[in-house]
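**Student:** The residues making up each chain are set out below.
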Amino acid sequence: MVDTFILGKSELNIDAPEKIAGRAKYAIDMTLPGMLHARVLRSPRAHARILSIDTSAARAIPGVLAVITAQDMPHLEDFPGDRPTLALDRVCYIGDAVAAVAAETLELAEQALAAIKVEYEDLPAVFDPEVAMSETTPVIIHPSGKGPGGKVMGNNQAHWYGAADGDLDKGFAEADLIVENRFTTGMAQCTPMEPHVALADVDIYDNCAIYCNTQTPYLVKQRVAEILKVSPHKIRIIVPPHIGGGFGCKTRMKGEGIAAALSRAARKPVKLVYTREEVFADTTVKHPFVIYIKDGVKQDGTLVARSIRAILDAGAYTDGTVGGLVTRNAAYGAVGVYKVPNFKLDNFRVYTNKPVGGAFRGFGVAQTTWAVESQMDIIAEKLGMDPLELRLKNLLVDGDYNPEQYLMDAVGSYPTVQKAAELIEWGTPADAPISPTAKRAKGIAIGCKHFSIQTSSAAIKIHEDGSFEVRSSVTDIGQGSRTVMAQIVAEEFKVQMSQVRVIRVDTDVTPLDTGQSGSSTTVKAGHAVRLACKETKRQLFDRAASLLEAAAGDLDTAGGRVFVKGSPDRSIAIKDLFLKLPMGAPGYEYGPFLENYSELVGGAMFYPQNERGPKGEVLPKVGFSYCSQAVDLEVDVETGRIKIHKLVSILDPGKPMNDQMAIGQIEGGVGFGIGTGIFEEMSFRDGKPTNANLTDYRIPTALDVPNVDQLVFGQVETNFAYGPYGAKGIGEVVVCATAAAIANAIRSATGVRVLAMPLTQERVALAIAEYEASRA
Amino acid sequence: MTKAEVRATINGRERELRVDPWRTLLEMLRDDLELTGTKLGCEAGECGACTVLLDGKPVVSCVTLAADADGRTIETIEGISTPEHLHPLQDEFLKLSAFQCGYCAPGMIMSSKALLEHNPNPTEGEIRDAIAGNLCRCTAYVGIVKAIQNVAAEGVS
Amino acid sequence: MDYLRPQTVAEALAAIAQAGGTATVIAGGTDIIGDIKFRGLKPTALININRLEGLRYITEDASGLRIGALTNIQELVGNPIIAKSYTALGDAAERFASLQVRNLATVAGSLGRASPGGDMAPPLMALGASVIAVSPSGEREIDLADFFLGPRRTVLQPGELMREIRIPAPGPRSGSAYARLSYRDVLDLCIVGVASGIKLDAGNRVTSARLALGSVAPRPVRAANVEAFLLGKELTDEVIREAGNVSSQDANPITDQRASAEYRKQMMPVLTRRSLARARDAAQG
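Keeping their order, the protein sequence lines are chains A, B and C.
The opening position of the first sequence corresponds to residue 6 in my numbering, with each subsequent residue numbered one higher.
The opening position of the second sequence corresponds to residue 31 in my numbering, with each subsequent residue numbered one higher.
The opening position of the third sequence corresponds to residue 258 in my numbering, with each subsequent residue numbered one higher.
Be aware that one or more of the hints could be misleading.
Chain B side only, calculated, beta carbon under 7 angstroms to chain C, not exhaustive [what the hints assert, rightly or not]:
id : residue
1  : A74
2  : T81
3  : D85
4  : P88
5  : V89
6  : V90
Each computed DSS-like pair below joins lysine-lysine, with the alpha-carbon atoms no more than 25 angstroms apart [claimed, not checked]:
id : chain 1 : residue 1 : chain 2 : residue 2
7  : A       : K175      : A       : K387
8  : B       : K125      : A       : K499
9  : B       : K33       : C       : K294
Covered stretches of chain C, going by a simulated chain B footprint (3 or more residues, C-beta under 8 angstroms) [to be verified]:
id : region
10 : 289–299
11 : 302–311
12 : 350–357
13 : 481–489
It should be emphasised that the hints constitute simulated quantities derived from the structure, not laboratory data.
For glycine and all other residues, C-beta sits at the position ideal for the given N, C-alpha and C.
Could you put the whole structure together from the sequences, leaning on the hints where they help?
**Tutor:** Set out below in structure tokens:
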């Protein structure tokens, strides 16, 4: 980035001072006078008909002010409409919400839950998606969606996405070697440290304000309006600006609808804080995948055909549009890196009686990447090629059309993987293992993830003292988007960061945004804020033009002054554009103002167009970011435990807007990648979660990640012309390659190829034992 | 129902409260005293977001009885700095942007403070041992460990 | 709910007797608070014994080590006496939950919990520990090997409290170690834990062996077959390897959320070997 004022620099996170002092207010810290506490009654059955619900005893408890069931809020999610907010006549997984209560204390709320009597009649349940989609499924959970050719699909199949290019049969016929494998991934949970919180306050006119920690305020606003059956203009979503992590599971409505319905029933503010167990099982989880890959390659390593069939475990419902989107977007993980002339992909999303699959950092692409990047190493080994060389031979480059017909641009696979290879000293054998029972080796993988290019809007207000206020409905779950927005304003107006304030998200004030998801924030908010700055400048220059006796087009601004380009002495302070009209006698001043209107505000919306393929195919507008990773690790061949000696992660961020925050994403991605790669998997017994807590669901502690000097991070910039100032979305790509790099290193070290993710020490140890037994 | 009497020194100030016997120290701090800097993450002693110092030692306040604070000294994130003057650890965490969402920060800082008070020159391993009970989901603990190392190197505690 | 905080053991015993079985006794609280909050425990009274006088100590004399029942687990970590002569116990303590929990949880509370995977039991059993329990009718000493009945069940009678844990002096050429496998080093429960306490003669022959296994049975168990196998043998690498294999006969673990039976079975010999090798090193000093 050339000649920037503030962008690209490592500006301090504007929220950090409050956070480290313990003064930052999160949704969980909000209270309102007279506030009640809510609890949700959840199904103990995996699949059952509800015969009756008797809430009379609960209602009779003094201090219990509201008890609601579906009778009070019949509501199906918008699309495809399979998920009621509270169960209607059936529960579909253990944890499905059945009723909710609000009481003066949490203890009373618990008592009320215990007093609700629900009669169930068990229905058959199914937990394996491959069984659920088969002819022999014991049960149909919901009607199927439409698949290839618009035909209704087989059993329990909710969504399908397909892509094809070339002639698959011809491709396989040309191949010298065909490699087929079945990969699986486990169910994981985002595990933000702050649980989901909704504090709703509905007044007697049904105006509803909700303080919550959602990643998608405008979506929540719509859904809550449907639940209360009021116009969305009565719903106000306020995000008190700090959110204790999200990673996907705070997208779309979670507890907000229930809190609002309870508040309306009680006509008092109601606070619902999810327990950790609810966060695990009853928000949304990472879809487990079964991925069948069949590849055809030439002897020289050229990929000639690839067919992928992925089965996504949907869980019991669909989290609105997210279900279809994950089914679709998982495909991006199979098409962004390699040239494959003959290609076919089919993704099926299948209902089971388990927690609901939703948005999870990586959005399906992490799962696909795991399979593809493991498969590349398997092919290389069969061909006797170096796995890096095989990759380099097949890379898509700028100007290529990928198998989905995207014209590739700003491709970062080559520079990132080259740099990762260089820093891990690829080609040199790993040092000797430290433990006498361990084996050590290196592994490498390329991560590529699309970032959605979505709609967002922003407004900039200039205050009478010449300072700036940013209004945006993009939430900041910790990644620093509020800081980046402030940096853009500081850049555009050439002012210090201290002159810019980003207000909290409040849908009464902050304009429309599609939500914090799909690594979309940097691009869409970046564009929206930049466009809003442009509009604000236009108004500012119009106002200053006559005073400076110059054309508006000849003006520029910096340091709080407007000046004539080329004549910096002809200038006026922004604050002097405001009138200081005495409003009355001394002591009655009301402050400066503008004569035509009280505010100087410029707003703008960023609205991307769809992309077109070479034959006019309509494609969702996305970009691709890259993050290659290489690892040097040892495996204790007795216990299966992995110890990472070095992990290199090289990101292509386009042009980063804040260097330190980009590094923060790489760093966090490594933690997330290691966690989901070797530890994290939700487990069940007959549909009942058995590890919905932070002891048995293991996210990495400070002892489970490499030491400071064992982590090597870097960035390789590409020129992404469509991005604001050249920036790409990077929040998810950083998690995609880790598991495959680790699996590839395990294979090199031990001879064992594990096809299931996470690569738990149990899986690795059992595989090694089996391998050793087969060799004996 | 009996209430438990609690007389404790909280952030240097004598406090007298009457609490329900089952109430946790975390609830007392957050709800009764509105010291919301201490965070609730799991209510099972598994994440460390609620870490406070009890007689100088880090404990998970979500599984500590409020009644057990009686006669003891409690220090929370609110007690270690003033608006004008941050604790050296806070200065360093700030400088390195060690946190992202910041939800684990108060607990992490209290654990770090306790570490440096009894071990002013910890190794990286000792630092990691001391904060292993404080989960952070946003980072890989890099900035956090570095910040503690820097403060230790400067010899401030 | 009533709340009582007795000052002495006698007051505590009286309070428990008076409540007649509907009270819950709480010390460190790290487990009980969750029981009340999330697992439906509704006692009529909470009897907080956390600060009973004179129950927090670690002392050693010629007969061995005495640990006051309310000693918290962090107090075991880095204790020089334990590190030197009761190594297995120190090994277990330093990986117990997290520092913030170790500062609260008591040794006796952990034993009383009788969790099949609890980390305090195997090393104490391997060290031959016993529990001194008090009740209004007097004191009794219970060998820890006889203490556990099953998950959350011990031989303690209603109205009985643990006062002290006693470990006999190990004597010269003794060594102990606890090898514990979990996914994360801390903040994680044990998948398989093997504690060994051995004595060797001048020829490195085993004159006494106590091994205890955690997380592989409904309660912590002694590895009787391994113990019998070791007795009288010179503790060579080969014998240790063989002892590992023998351990398979000492428990028949099940599958739960933490590990499969298959993985546990595979790990028992591995951890038995590692535990024994370290105990031997310690014994040979």
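**Student:** Each hint: holds or not?
**Tutor:** Right, here's what the structure says about each hint:
no.	hint	in the structure
1	A74	5 angstroms, holds
2	T81	5 angstroms, holds
3	D85	9 angstroms, violated
4	P88	5 angstroms, holds
5	V89	5 angstroms, holds
6	V90	4 angstroms, holds
7	K175(A) / K387(A)	22 angstroms, holds
8	K125(B) / K499(A)	24 angstroms, holds
9	K33(B) / K294(C)	17 angstroms, holds
10	289–299	holds (count 5)
11	302–311	holds (count 4)
12	350–357	holds (count 4)
13	481–489	violated (count 0)
Consistency note: the structure conflicts with the earlier hints numbered 3 and 13.
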